[in-house]
Amino acid sequence: MIEALEFGFFQRVVLAGLLASVACGVVGTYVVAKRISTLAGGVSHAAFGGVGLGYWLGFSPMLGAAGFGLLASLAIGTAWRRLGSGLDTMTSMVWALGMALGILFVAMAPGYAPDLMSFLFGSLLFVPWDYVAVVAALDVVVLLAVFFLGKEFQAVSFDDEFAEVAGVPVERTFLLLLALTALTVVTLIRVVGVILAIALLTIPAMIARHWSDSLHGMMGIAIPTCAACVLAGLFASYGLSTSGLSLPPGPLVIVIAASAYALSAFCRHLRIRSTG
Amino acid sequence: MSEPARDASEPVVQLEHVTLAQRGVPILSDVSLELAQDDYLAILGPNGGGKTTLLRVILGLAEPDSGSVRVLGGPPGRAAGQVGYVPQHVRFDLDFPIRVMDVVRMGRLAACGAFRRFRPEDEDASHEALARVEMADLAGRPIGALSGGQRQRVLIARALAMQPRILLMDEPMASLDERMGRNLWELLEELSRQMAVVLVSHDIGAISHYVRSVACLNVSLHGHPARELSVEALESAYGCPIELLAHGHPHRVLAPHGEGGTS
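If you read the protein sequences in the order shown, they are chains A and B.
For the first sequence, position 224 (counting from the first letter as 1) is numbered 224 according to this note's numbering, and the numbering increases by one without interruption.
For the second sequence, position 262 (counting from the first letter as 1) is numbered 262 according to this note's numbering, and the numbering increases by one without interruption.
In short, the hints are calculated from the structure, not lab data.
Careful, some of the hints might be misleading.
To be verified - If you only want the chain A side, here are some residues facing chain B, beta carbon under 10 Å, derived: (1) Q154; (2) V168; (3) S212; (4) M218; (5) T242.
Claimed, not checked - So the derived label-pair ranges between C-beta atoms look like this: (6) A96/A to G24/B: 31 to 37 Å; (7) R182/B to I272/A: 35 to 41 Å; (8) H17/B to R82/A: 22 to 28 Å; (9) D93/B to P110/A: 32 to 38 Å; (10) L94/B to G111/A: 51 to 57 Å.
The C-beta atom is built at its ideal place from N, Cα and C for all residues, glycine as well.
Work out the full structure, taking the sequences as your base and the hints as a guide.
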């Protein structure tokens with residue numbers, strides 16, 4: 001299987017997967033700790049509206065996805081801060097609205113959209129160099145933001161009321177965190193698709209939560225866990241294809257991640273029992 | 001504009017005719033209150049009397065419908081970082097991955113400022129605050145692994161780490177055991193010489209002889225903050241006859257039965 005690495009396209013895929021794992025592990029940690037995975041799910045599905053718009057008007061669907069994802073995250077985030085309650089209904093509305101717009105835009109686009117499936121389920125096997133560059137840039141932005149605003153992100157995620165009392169501009173900080181979440185989710189769409197992006201964002205961080213009681217500790221576990229799941233899915237897809245079974249890597253990544261979660265939960269259960 | 005000179009007689013908190021309603025229900029009605037730097041005030045009142053909302057108004061977390069609020073000479077939001085707060089209820093998720101020390105360090109956010117890591121003096125202030133509530137040895141414990149009383153002490157330490165000029169506490173004794181409760185009264189006595197302290201309680205018995213003045217709040221403020229608490233003020237706040245028990249201590253706050261009462 002290792003001979004796959006001799007192909008230039010596979011090297012790019014592996015590199016993109018590894019780079020995406022960094023943003024995924026860092027942002028996923030906040031999403032899991034603050035329990036906003038539904039919100040992130042809404043953002044990833046709303047991003048599909050941007051994909052459709054890109055098809056219709058003939059610009060990059062990923063650019064459209066990024067725009068719609070950002071818009072959705074800011075809308076939901078602002079509603080959350082201002083309205084307080086009603087977040088879940090607001091999220092499902094944005095979720096459905098984005099998907100609906102996407103379907104309408106695609107229907108209005110001339111001809112038919114050949115690789116629409118790749119946005120729904122991911123298409124890691126065709127990764128251009130400029131996508132690798134975009135993921136690397138996202139990593140730099142995410143890491144810089146956490147380096148400079150990590151303590152504010154922590155405060156806002158943990159106890160936004162006290163953060164306000166302590167002089168943190170809560171709304172701006174929270175919206176920045178949501179914007180980073182949206183950009184990360186949109187990046188992951190390329191790896192596993194709109195439908196599965198949220199799983200890849202949260203499962204590694206949920207595994208990390210089993211073994212760490214701090215945000216930094218979780219990030220340190222979630223990043224390699226995410227990378228391992230992505231690599232395992234890619235190599236499994238490649239290995240199966242050489243034996244004649246052609247399966248897309250995206251869903252394989254998710255099945256592997258979910259299995260790893262079950263294994264991690266079981267090990268943690270054993271450890272808790274043994275330590276009393 | 002230069003910073004106005006602050007002298008001890010200038011009020012640190014000034015509420016004038018503050019009125020606030022939520023969903024048409026009046027929570028605060030025409031509340032005026034002045035607090036000096038050396039004040040140590042207990043606010044009593046029944047459940048739903050607006051005590052927590054009053055603290056939130058001072059903190060800038062709730063905005064009154066009418067009336068004016070000035071904290072440390074400016075609008076309440078501007079004083080962020082100088083007003084310590086110990087909330088009554090744990091608002092956060094007990095499963096959040098965070099350790100005791102990280103929670104206490106949140107009190108240093110304003111002093112440290114954004115875009116940088118906590119400095120050694122922030123670490124020192126946090127350690128000192130934890131030590132004051134006897135929680136120093138649990139600094140590395142996850143917040144979810146604490147008892148209710150221990151958690152309360154962490155929240156007190158977080159407010160102390162701010163080294164605030166005003167300290168607001170909402171039912172601070174609620175989940176503390178007797179020994180820790182007594183320690184907190186002593187700590188508050190000491191702190192009240194360095195900062196203005198306001199504590200809120202629905203439990204008249206909780207107010208010890210330490211407090212320097214008492215006010216009663218049941219939507220409106222009954223009686224001006226006074227050293228001696230009158231039975232009239234209490235009764236109009238609670239809406240029922242109240243008997244006061246004297247502590248038998250020279251510094252008692254509650255007037256002896258019958259002295260200011262109607263019975």
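Here is what the structure says about each hint:
1. Q154: Q154/A check passes; min Cβ-Cβ to chain B is 7 Å, inside 10 Å.
2. V168: holds, 6 Å
3. S212: With Cβ-Cβ at 6 Å, under 10 Å, it holds.
4. M218: With a closest approach of 6 Å, the M218/A hint holds.
5. T242: violated, 41 Å
6. A96/A to G24/B: 31 to 37 Å: Cβ of A96/A to Cβ of G24/B: about 33 Å, so the range 31 to 37 Å holds.
7. R182/B to I272/A: 35 to 41 Å: holds, 36 Å
8. H17/B to R82/A: 22 to 28 Å: For R82/A against H17/B, whose Cβ atoms are near 27 Å apart, the range 22 to 28 Å holds.
9. D93/B to P110/A: 32 to 38 Å: Hint violated: Cβ distance 49 Å, outside 32 to 38 Å.
10. L94/B to G111/A: 51 to 57 Å: holds, 54 Å
The structure shown violates the earlier hints numbered 5 and 9.
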